[in-house]
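Throughout, the numbering used here is defined as the position within the sequence shown, counted from one, plus 1455.
Be aware that a few hints might be false.
Beta-carbon label-pair distances, calculated as ranges [unchecked claim]:
1) Gly1649 to Ala1579: 32 to 42 Å
2) Asp1524 to Ala1683: 27 to 37 Å
3) Ala1668 to Leu1618: 40 to 50 Å
4) Gly1677 to Gly1585: 41 to 51 Å
5) Gly1667 to Leu1618: 41 to 51 Å
6) Thr1466 to Lys1519: 13 to 23 Å
7) Ala1579 to Gly1667: 29 to 39 Å
8) Ala1579 to Pro1697: 41 to 51 Å
9) Ala1526 to Glu1644: 16 to 26 Å
10) Arg1584 to Ala1523: 16 to 26 Å
Worth flagging that the hints you see were computed from the coordinates, not collected in a lab.
No residue lacks a Cβ here, since even glycine has one placed at the ideal position from N, Cα and C.
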Amino acid sequence: MSTQSNDQFPTETALVLFSGGQDSATCLAWALQRFARVETLGFNYGQRHAIELECRGDLLDGMKSLRADWAAKLGDSHTLEIPTLAEISDTALTRDVAIEMGKDGLPNTFVPGRNLVFLTFAGALAYRRGITHIIGGMCETDYSGYPDCRDETIKALQAALSLGMDKQFQLHTPLMWLDKAGTWKLAHELGGAGLVDLIREHSHTCYLGERGARHDWGYGCGECPACALRAKGWREYAATTP
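Hey, can you work out the whole structure from these sequences and the hints?
Given below as structure tokens:
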């Protein structure tokens, strides 16, 4: 999907799916570089790592401190409660069970329909607020095989949302073809070492919601797939960045 250059949309507003994780924090900075105003949206769906939602405030404050123009662009922060998603799921992200591979070849951290639901709610909120640009951190490179993170899925959703609401939405996925090392690199390009350090210190990606141990790449259990990907990406990024 779209990865336009800086200042591509200098008069428009964007809505960023902002969970409080590394990817969504990077996407928020990407949007702040391109849009006149940026609103954020998070979802509380009964996830085990709901602590990520608590990280958003520090990340937003940090973004404002990093750059005055970003502070001026940041608009409303929204949170939608959708506990039904956890009620109909039987996954390692919504139940206290071990993370493992399922019989279908997907890890049991896959929450069926999650991104479909998220983007549909985002579209409804964007429609009400007069926004047509929606940014998400979906990625087809480091994505554990989740089918709702594929570029093809996002393109289909963009078409469905635009048809179903009779409004031409644009879904932007700036991380779609980046691995985690590339995501760290993008953060550095967008906000320098200050943004990288902010993401390391205040974002949350660990599936288990663990924030006790501080690693080079940030907080997390260090063992779950999300931590493993983040750590691997950090090592690769750090090896090529002074």
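Hints, verified against the model:
Restraint check, glycine 1649 to alanine 1579: a C-beta distance of roughly 35 Å satisfies the suggested window 32 to 42 Å. Between aspartate 1524 and alanine 1683 the CB atoms are about 35 Å apart, so this pair conforms to the stated range of 27 to 37 Å. Between alanine 1668 and leucine 1618 the Cβ separation comes to about 47 Å, which falls inside the hinted range of 40 to 50 Å. In this structure the supplied range 41 to 51 Å holds for glycine 1677 paired with glycine 1585, their Cβ-Cβ distance being about 43 Å.
Roughly 47 Å separates the CB atoms of glycine 1667 and leucine 1618, a value that falls within the hinted 41 to 51 Å. Between threonine 1466 and lysine 1519 the CB atoms are about 21 Å apart, so this pair conforms to the stated range of 13 to 23 Å. A C-beta distance of roughly 37 Å is found between alanine 1579 and glycine 1667, which places it inside the suggested range of 29 to 39 Å. Under the hint 41 to 51 Å, the C-beta atoms of alanine 1579 and proline 1697, about 45 Å apart, fit the expected range.
Take alanine 1526 and glutamate 1644: their Cβ atoms lie about 20 Å apart, and the range 16 to 26 Å holds. Checked against the given bound of 16 to 26 Å, the beta carbons of arginine 1584 and alanine 1523, roughly 24 Å apart, stay inside it.
The earlier numbered hints are all upheld by this structure, with none contradicted.
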